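Chains X and W: place on chain V using the hints.
Each chain, written out:
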Amino acid sequence: MTDELEDELRRALPATQVRGSRIRRRRGSDAGRSRVRTDSAERALLRRDASVFDGGVAGPVCFPETAAEVQAIVRIANAHGRAIVPRGAGTGLAGGAIPLGAPIVIALTRMNRILEVDTINRVAWVEPGVINLDLSKYLRPMGYHFAPDPSSQQVCTIGGNLANNSGGPHCLAYGVTDTHIIATEVVLPSGDIVMLGGLDPEPDGLDLRGAFVGGEGTLGIATKIAVRLTKNPPAVRTLLLSFGHVADAANTVSAVIAAGIVPAAMEVMDQRITIAVENYVHAGYPIDAAAVLLAEVEGLEGGVQIDADRIGEIGRAHGATDVRLAASDRERALLWKGRKTAFGAIAQIKPDYYLHDTVVPRAKLAEVLAQVYEIADRHELLVMNVFHAGDGNLHPLLIFDGREPGVLDRVHEAGAEIVRASLAAGGVLSGEHGIGVEKQAYMSEQFSDDDLDHQNRLRQSFDPHCRSNPGKVIPMGHSCADIQALRRVPTGVWG
Amino acid sequence: MTVSTEVGTRLAAFAEAVGPTGPVAVVGGRTRWDLGGAPTEGTRLVTAPVGVVDYQPQEMTIRVGAGTTVADLNQVLADAGQRCALPDRGGTVGGALAVGQNDIDLLGRGRVRDAALQIDYISAEGRVVTAGGPTVKNVSGFNLPKALVGSLGTLGLFGEVILRTNPAPATVRWLHAERAEPLPVFEALLRPAAVLFDGQAVWVKLEGHTVDVDAESRALEALASFREVEGPPPLPPHRWSVTPADALRAATLPGQGERFVAAIGVGLLFADCPQPARPADLAARQVADRMKQLFDPSCRLNPGRRP
Amino acid sequence: MDLTIDPDELNMCVQCGLCLPSCPTFRVTGDETRSPRGRIALMRAVQNDDAPLTPEVLEAFDTCVQCRGCEPACPSGVPYGHLMERTREALADDGSLTPVWQRWALKPLNQPRLLQIGTTAMAVAQRLKVLPDRLGAPADLPLRHHALAPSATVDAPGRETVFLFTGCVMDVWQSKVHAAAQRVLEAADVAVIPTNRLAPCCGALHTHAGLGDDARARAEQLIGALPERPILVDSAGCGAAMKDYGHLLDTEAAREFSARVFDIQEWLAPRVDQLPQVDKVPVRVAVQDPCHLRHVQRVHEATRTVLAPFVQTLVELDDDGLCCGAGGAYSVLQPELAGLIRERKVEAIDRARPDLVASANPGCSMHLAGAGVRTIHPMQLIDAAISKTPL
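Chains as they are written, first to last, in my numbering: chain V, 1 to 495; chain X, 1 to 307; chain W, 1 to 391.
One chain only, chain V, in its complex shape (with noise of 0.2 Å):
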């Protein structure tokens, strides 16, 4: 690293000021109020997001709070030669905020403001380290929220979610990010800023706005983003149905579909997780149940109620043992605190979990389901399941203590193969958490080497010398420059 990138990176991101107040911090700390970090703690802290990857050690670390000074730091990596990698919470599962290569890391937690909320075009805009659940508590009192809703909603940015394009429980009904984001604001990789979108319904020329959300951070960093308002449904229900076999409450998902019902979520957890999970909410989750399906519906008063109804009948004549409604906003809420803290309850079992995301058709959810647990059994390791039932997505959690000798390598041979059943189901890689590193490889087995080649070109499309996130989503060989933009980490930095 450079000592004249550094004084670059410092002129362009002065140190903040704060009124009233001395500087307090240890001597030859570099920390303080720097907006620019490279001391050897923050850039170790970087290699990782929530994901099992490593990326290496960071380039500097810069903390802007504008879209100027994202600008800045784009143009003084390019003048470098520098790859960029931008980063929200780091709560990313397939590792595409890891700092590939010692990057110059762009993070986004302090452009954290909700700017406008704009009730007549229906739409806020919000800078891309908005906390997703704060915007739905801030649009709460106003009668409005931001539909999708990931599992790490508490914390997950709605950068990252663009980025992502992610999903969550409440998409099966109201579709994934890309659905609510109308327009974004975009800092290039060349350093110029686009807006991408419009408020209005069919803005001229192709959609770019389409095309850059789910980028994986490969296409340019957000820097302001309107997002759609949605309605509060005044009324809503929540059913808990327990079953006696996971196969049962798979084909009630498919069943109810069938139906012609489209709930607004519709969430399957295995008896592991749930017991898990009911250890830490104590929402009442049925311990002794094979699987419990968590059906919301919601809309109006009278339409509710019949679906509410109608989703009891189905789950009764395809074996639920029990049918309950949340009889409160309290345990609808603990019910579904329960639900999005699933991955973290687990540590309670096995303290690390790989945790894979395939889409396949809901017909074939039980199918594969079976397959999963005997991979899991063939390799000798611990599954749990809990997915996104009504789209269909998969989320078998392998759990295991990576302490013990060898039980990596077994865990990555069993997602192999759970992704290869998928695929064989008809079913994709992905449904929400992206590629990132963690699905590169299989990426060939989706996709032609025809399609791969589009696919870069897309990323070409925005980011020419692939400077923005390298090493992410095509796989190497497919991808353009990537490979001489990922340097060697540095040495002599610990870790």
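Just so you know, the hints here were simulated from the structure itself, not pulled from any lab data. A portion of the hints provided could be inaccurate.
Pairwise CB distance ranges (calculated) [stated by the list, open to error]: (1) V:Asp3 to X:Gln286: 30 to 40 Å; (2) W:Val315 to V:Ala333: 17 to 27 Å; (3) X:Asp214 to W:Asp279: 43 to 53 Å; (4) V:His412 to X:Val27: 48 to 58 Å; (5) V:Glu301 to W:Pro270: 36 to 46 Å; (6) V:Glu4 to X:Gln286: 27 to 37 Å; (7) X:Arg259 to W:Glu343: 30 to 40 Å; (8) W:Glu343 to V:Met142: 20 to 30 Å.
Anything over 12 Å on all C-beta distances counts as not near chain V; from chain W, calculated [unchecked claim]: (9) Pro7; (10) Ala45; (11) Pro150; (12) Ala152; (13) Val154; (14) Ala156; (15) Asp213; (16) Glu252.
Given the structure is predicted, the values throughout are model-derived calculations rather than measurements. Glycine residues also receive a C-beta, built at the ideal position from the N, C-alpha and C atoms.
Only chains X and W this time, still in chain V's reference frame:
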């Protein structure tokens, strides 16, 4: 229901028809032929495969040849109690996607750009390329279908597509009031399929469970005297895309002419005169131009058209 | 360096990041080194990979408020508070953390006389307007100290008798709260023994500073001095520390003691009917949950139960109990971060539009009062309602 299973062969035949060289365009229903400019003289015209390839209603997806008419598609869907977002204006599925224009009740049926889950297209090199994936939820790789919808066939020629479908509502009702304030009407409803306004009168499309449609109809009666009608008013010929806020003050927008019908909460506007050209973002234009250059270096796909 | 953290406890964190928004320092900096996930990763780096103790690593540990807001947010049940206490103790033993002046500053906390002299000096300085604001002292430091007397009804037949823990800093600085607490308890027919010099200091600040031996000595002293009866605490930080003696000392006597420690609101909540029925005070009160009541003791609901019969309107803050930045001595040691964290809390208070903010921790009250927030202890509110004293 599987109408045809010769997936690969028909696409391969289409790819062969497109070939690797020479200017080429797909002809569909010719309903929007001049949109974005007509193909230049000497452009070879080909047609895309026709017919439903695979339909699993419980998956809420359908795979069809891009040359299938929207009318035929709608018939197949209706037989299974479903529908999709594509507007039926006499054209084909491929045409509707290439144009990317929405129906006036897009709040109920969804946006065209969100309807295409997977697009199999023929590249400028004459190769079959798949963008997107077959399931309702998919973030495997880049969001290429979004770039293709509305591209007027300038990045690739659509062969087969997998579309998202939805259950058709139990009840559909159009209501009309001679005089009403459009914004309070729009705000009073949870999820109207459409609220149209011509400066005086308001049309509302409600859909869903019969009890819900009844309840919302009653809520409207408190605002103005609404009565049930057959459908929307006739739409003036020129399509505008404005912000929802501008749609509310459509009467004051310069150049729209005498008559207009505005979709409230959406921003679609139908007027007597064409919408004046809007300023383009130069940096965005550069990205789009680079995309065209990378996907079709010799400019052989739909030459003369620009989205 | 071995931080002597239990490897299994250190291994519990799965790096999911769900804790980040509940961490006040991450909220105001957006920086991973100022987050629980980041600090745990640094503990691992130091303990498992022998990472050097750079100034930035130490600063990451230094800047933790130890509010433990991350613990209820953690689905894996990582005992973050204990991890940080072990880390601080190991680093303080090593001389890397808690400089000598801080150790000396904490010494007089169990020397009531010294503390009183200091307070009187500060009170004089305050009246002469030469006391620096950032010390966070209350605006009305008493010049003289009056110790509370035990209730006349102690050990009378049919009466419950309890200890009221009066502590160190709070006893001298906020004796009005103790007096109000005693009056409220007596109004509920409870006899009160103020602990005064019996039990001068709970050792919470020492634990925070990594001075484990000092903390344990103070715990032993209290356990010996306060036998049998319930021990009621009107300062959330002290209560949390005393409830943790079982873990701190790991002895049967300590566990028995901790089981008798109650936050005063917690203890009163099931006895609220014993209090006289009076007219509600016509005010809008926002409840500010001290972290050590909400995240550590997890008995914050009791505050609402005891206040509800006495105030017109109780409102909640919308920040999910995020720390106010007081954190024991934190507001003095990290004034800048403490100030930024407080700004967020003040914004949340402004949104709730209260007349008064009820806080069951003197540290929070003083810190918030420093930003112009009108605070009051729940016991003072109830006391005012019962005695019909205007606020």
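Do the hints match the structure? See the list:
Here the CB-CB span from V:Asp3 to X:Gln286 is close to 34 Å, well matched to the stated 30 to 40 Å. W:Val315 and V:Ala333 have their C-beta atoms about 19 Å apart, which keeps the hinted 17 to 27 Å range intact. Taking 43 to 53 Å as the suggested C-beta distance range, the pair X:Asp214 and W:Asp279 conforms, at roughly 49 Å. For V:His412 and X:Val27, the hinted distance range of 48 to 58 Å is satisfied, since their beta carbons lie about 50 Å from each other.
A hinted range of 36 to 46 Å for the beta carbons of V:Glu301 and W:Pro270 is consistent with their spacing of about 39 Å. A beta carbon spacing of about 30 Å between V:Glu4 and X:Gln286 agrees with the range 27 to 37 Å that was offered as a hint. Here the CB-CB span from X:Arg259 to W:Glu343 is close to 55 Å, at odds with the stated 30 to 40 Å. For the pair W:Glu343 and V:Met142, the beta carbons lie near 24 Å from each other, so the given range of 20 to 30 Å is met.
With a cut of 12 Å on Cβ distances, W:Pro7 falls inside the contact zone with chain V, its closest approach being about 9 Å. Look at W:Ala45: its CB is around 6 Å from the nearest CB on chain V, not clear of 12 Å, so calling it non-interface is violated. Under the 12 Å C-beta cut-off, the non-interface status given to W:Pro150 relative to chain V holds; the minimum distance is some 41 Å. A cut-off of 12 Å between C-beta atoms confirms that W:Ala152 is not in contact with chain V; the least separation is 44 Å.
Every beta carbon of chain V lies more than 12 Å from that of W:Val154, the smallest distance being close to 40 Å; the non-interface claim holds. W:Ala156, annotated as away from the interface, keeps every beta carbon of chain V farther than 12 Å; the closest lies near 41 Å. At roughly 24 Å from the closest C-beta of chain V, the C-beta of W:Asp213 stays outside 12 Å, upholding its exclusion from the interface. No beta-carbon of chain V comes within 12 Å of the beta-carbon of W:Glu252; the shortest separation is about 27 Å.
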